[in-house]
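S.K.: Going line by line, the protein sequences match chains A and B. Numbering-wise (the numbering used here), the first sequence opens with residue -4 and increments by one. Numbering-wise (the numbering used here), the second sequence opens with residue -4 and increments by one.
To be clear, the hints were calculated from the coordinates, so they are not data collected in a lab. Warning: the hint list may mix true and false statements.
If chains are identical, the list can't say which one is meant, so a pair holds when it fits in one copy or spans any two.
[Said to hold, decoys possible] Once the Cα atoms are required to be at most 20 Å apart in a straight line, the calculated SDA-like pairs of lysine to any residue come out as:
#, residue 1, residue 2
1, K296, T144
2, K22, E55
3, K184, M258
4, K184, D220
5, K188, D220
6, K296, P150
7, K34, F260
8, K34, D267
9, K296, L101
10, K34, G297
11, K184, W298
12, K184, G222
13, K296, L145
14, K13, R274
15, K184, F260
16, K184, S265
17, K106, L270
18, K296, D128
19, K296, D151
20, K184, A221
21, K34, R76
22, K22, L66
23, K188, S265
24, K106, T225
There are 2 protein chains.
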Amino acid sequence: MEILVSEVGPRDGLQNVKATMPTAAKKAWIDALVAAGVKEIEVGSFVPPKLIPQLADTAEIVDYARGHAGLTVAALVPNRRGAENALRAGAHKLTLPLSVSEAHSLANLRKTHDQVIEEVAGVAAMIRELPEDQRPHFEGSLSTVFGCTLEGMIPDAQILSLATRLMEAGCDEVGLSDTTGYATPGEVKRLVKLVRGEVGDAAVQGLHLHNTRGLGLANVVAGIDAGITTFDASQGGLGGCPFAPGASGNIVTEDLVFMLQSMGFETGISIDGLLASRRIVADALPDEPLYGFVADAGLPKGWEAERAASETQKENA
Amino acid sequence: MEILVSEVGPRDGLQNVKATMPTAAKKAWIDALVAAGVKEIEVGSFVPPKLIPQLADTAEIVDYARGHAGLTVAALVPNRRGAENALRAGAHKLTLPLSVSEAHSLANLRKTHDQVIEEVAGVAAMIRELPEDQRPHFEGSLSTVFGCTLEGMIPDAQILSLATRLMEAGCDEVGLSDTTGYATPGEVKRLVKLVRGEVGDAAVQGLHLHNTRGLGLANVVAGIDAGITTFDASQGGLGGCPFAPGASGNIVTEDLVFMLQSMGFETGISIDGLLASRRIVADALPDEPLYGFVADAGLPKGWEAERAASETQKENA
Chain A
-4 MEILVSEVGP
6 RDGLQNVKAT
16 MPTAAKKAWI
26 DALVAAGVKE
36 IEVGSFVPPK
46 LIPQLADTAE
56 IVDYARGHAG
66 LTVAALVPNR
76 RGAENALRAG
86 AHKLTLPLSV
96 SEAHSLANLR
106 KTHDQVIEEV
116 AGVAAMIREL
126 PEDQRPHFEG
136 SLSTVFGCTL
146 EGMIPDAQIL
156 SLATRLMEAG
166 CDEVGLSDTT
176 GYATPGEVKR
186 LVKLVRGEVG
196 DAAVQGLHLH
206 NTRGLGLANV
216 VAGIDAGITT
226 FDASQGGLGG
236 CPFAPGASGN
246 IVTEDLVFML
256 QSMGFETGIS
266 IDGLLASRRI
276 VADALPDEPL
286 YGFVADAGLP
296 KGWEAERAAS
306 ETQKENA
Chain B
-4 MEILVSEVGP
6 RDGLQNVKAT
16 MPTAAKKAWI
26 DALVAAGVKE
36 IEVGSFVPPK
46 LIPQLADTAE
56 IVDYARGHAG
66 LTVAALVPNR
76 RGAENALRAG
86 AHKLTLPLSV
96 SEAHSLANLR
106 KTHDQVIEEV
116 AGVAAMIREL
126 PEDQRPHFEG
136 SLSTVFGCTL
146 EGMIPDAQIL
156 SLATRLMEAG
166 CDEVGLSDTT
176 GYATPGEVKR
186 LVKLVRGEVG
196 DAAVQGLHLH
206 NTRGLGLANV
216 VAGIDAGITT
226 FDASQGGLGG
236 CPFAPGASGN
246 IVTEDLVFML
256 QSMGFETGIS
266 IDGLLASRRI
276 VADALPDEPL
286 YGFVADAGLP
296 KGWEAERAAS
306 ETQKENA
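Model the full assembly from the supplied sequences, consistent with the hints where possible.
M.R.: What follows is the structure, given as structure tokens:
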């Protein structure tokens, strides 16, 4: 079975580090990710440059990344204006976050739920105006869905109602996002099933998980059990909300891919390739700590050979 | 459902740090662990003090720990001589490691498989001589069972044969130990089921997992799926084979308990209590890095309240 690993480092990672990665380094990073076999990259966010100067070159990066045939070029858009720019740049996938905690939504986007849904509907209308073969995939992402640092746990009814409203407003898909690192394996299973029950399995394919409390990969295992087939991750765990040394933000792409492959899932990604692209990040952001275990510990002895043998067995079966 | 968390920090942790924790600090740590609700502690190893001077006070620590009613006081024994001392000190549980990789066994214990099995049989004979109510639980631990840094993957047939021989030599239980940090969720499930199929479910209850490649807690989830009910862990991830900053050795007790409780399993352990006992370790070993995420990130907002509510629901159900 195939699992899609969506690299969000160039967006979620870079937006949360102080330094700005030079545009040339971003391009080299994306090249290396593609060379490693990564099939989807969230390359930036269409927000005003004064808010997130690290991502001011997002339009240029989208255009550059589109040069890689077969790569899905994703971008975050907070509103209609961002979506307009993303469409103009030619992004293949737009993700618009909706915080299920209204307090968090107001604090972060200064918008109520109604106002965000209005933006979603506006973006969907823009997309519908495009010729069918040029329409990007449009995901509404339920942020703080596993709990909020301001409001704590959000009632299921509110989550389900917002998921439905996102789909009715024109999203193709609803993602679940553990913005605060509150997710636990039990809650991942429960909530994925709950939201799938409300808007349909096909509309809930992706999870965005953090590793704040060390449960990131355990949550992936739970997500897979619940039918999830797309996981966001970030090289070196860059981004998210790191609290302290050792506490990475996003789940680490290298570790995630190692685990998925060890479980027999196909990702199409080479771990050696990921370690090479990780070095580009390390060189471009020398002051940023990079997290993850596989990069330090290496692969188990005989692991690649064993995988190759298992592939051969499959082919001969 | 109840899951037993066995704290191995005072043995596996302390044996792998350079500094020697003062006996008084060990006692204070054990007191704090018991106060937190920990029910089983591996308090030391009966090896010659010149080999592991950090654990030279193991007999005194076993005697002290026995003062805590209800606590299972466990100790590692490499051979008959160690077991003799452990029995004299009154340990409730003995664990004797058998590396399924013979190269590792020779390098570590300077013993072939046959020689280790002979020791196991000798220890079992000593135990049988005791009055029934004074016999400790005797576990044979299959080390490097998920792969060896010297030999790579070990053939299943060899693992199963050694598991059978351990049981036939008189062990009450066979544990699986990821000495090298090679375990992956798929392999955990597969191997637990395989060994259980060979020696019976009741004889395979425990896993000793490392977090070398970040998969520790994901492996726990897989272990639970396969029926495992006892997990070793170490406060702050102390011990094991750390490779680099961020790469803890043993799985971290605090994070494990958080995850288990979040999944609805009963551990009887208070996380606040664990954080308090962790501070004793930090004070006694100021130069040792302590790993884990929950200690840094804290518990999610509303988490304790939610747990309490869920307990009340259960009671009222």
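S.K.: If a hint holds in the structure, say so; if it doesn't, say that too.
M.R.: Taking the hints in turn, this is what the structure says about them:
1. K296 - T144: Classified as between; 6 Å across copies, 42 Å inside a copy.
2. K22 - E55: within (10 Å within a copy, 61 Å between copies)
3. K184 - M258: both (18 Å within a copy, 10 Å between copies)
4. K184 - D220: both (7 Å within a copy, 14 Å between copies)
5. K188 - D220: Classified as both: same-chain Cα gap 10 Å, cross-chain 19 Å, threshold 20 Å.
6. K296 - P150: For K296 and P150, the Cα distance is within 20 Å only across copies (14 Å; inside one copy 47 Å).
7. K34 - F260: Answer is within: at 15 Å inside a copy they meet the 20 Å cutoff, but 38 Å across does not.
8. K34 - D267: within (16 Å within a copy, 43 Å between copies)
9. K296 - L101: between (50 Å within a copy, 19 Å between copies)
10. K34 - G297: Result: close neither inside a copy nor across copies, 27 Å intra and 38 Å inter.
11. K184 - W298: between (30 Å within a copy, 17 Å between copies)
12. K184 - G222: both (9 Å within a copy, 19 Å between copies)
13. K296 - L145: between (45 Å within a copy, 8 Å between copies)
14. K13 - R274: Classified as within; 19 Å inside a copy, 32 Å across copies.
15. K184 - F260: Classified as both: same-chain Cα gap 19 Å, cross-chain 15 Å, threshold 20 Å.
16. K184 - S265: neither (28 Å within a copy, 24 Å between copies)
17. K106 - L270: Close neither inside one copy (40 Å) nor across copies (38 Å); limit 20 Å.
18. K296 - D128: neither (46 Å within a copy, 45 Å between copies)
19. K296 - D151: between (45 Å within a copy, 17 Å between copies)
20. K184 - A221: Result: close both inside a copy and across copies, 5 Å intra and 18 Å inter.
21. K34 - R76: Answer is neither; intra-copy 27 Å and inter-copy 58 Å both fail.
22. K22 - L66: within (14 Å within a copy, 58 Å between copies)
23. K188 - S265: neither (31 Å within a copy, 30 Å between copies)
24. K106 - T225: neither (28 Å within a copy, 48 Å between copies)
The structure shown violates the earlier hints numbered 10, 16, 17, 18, 21, 23 and 24.
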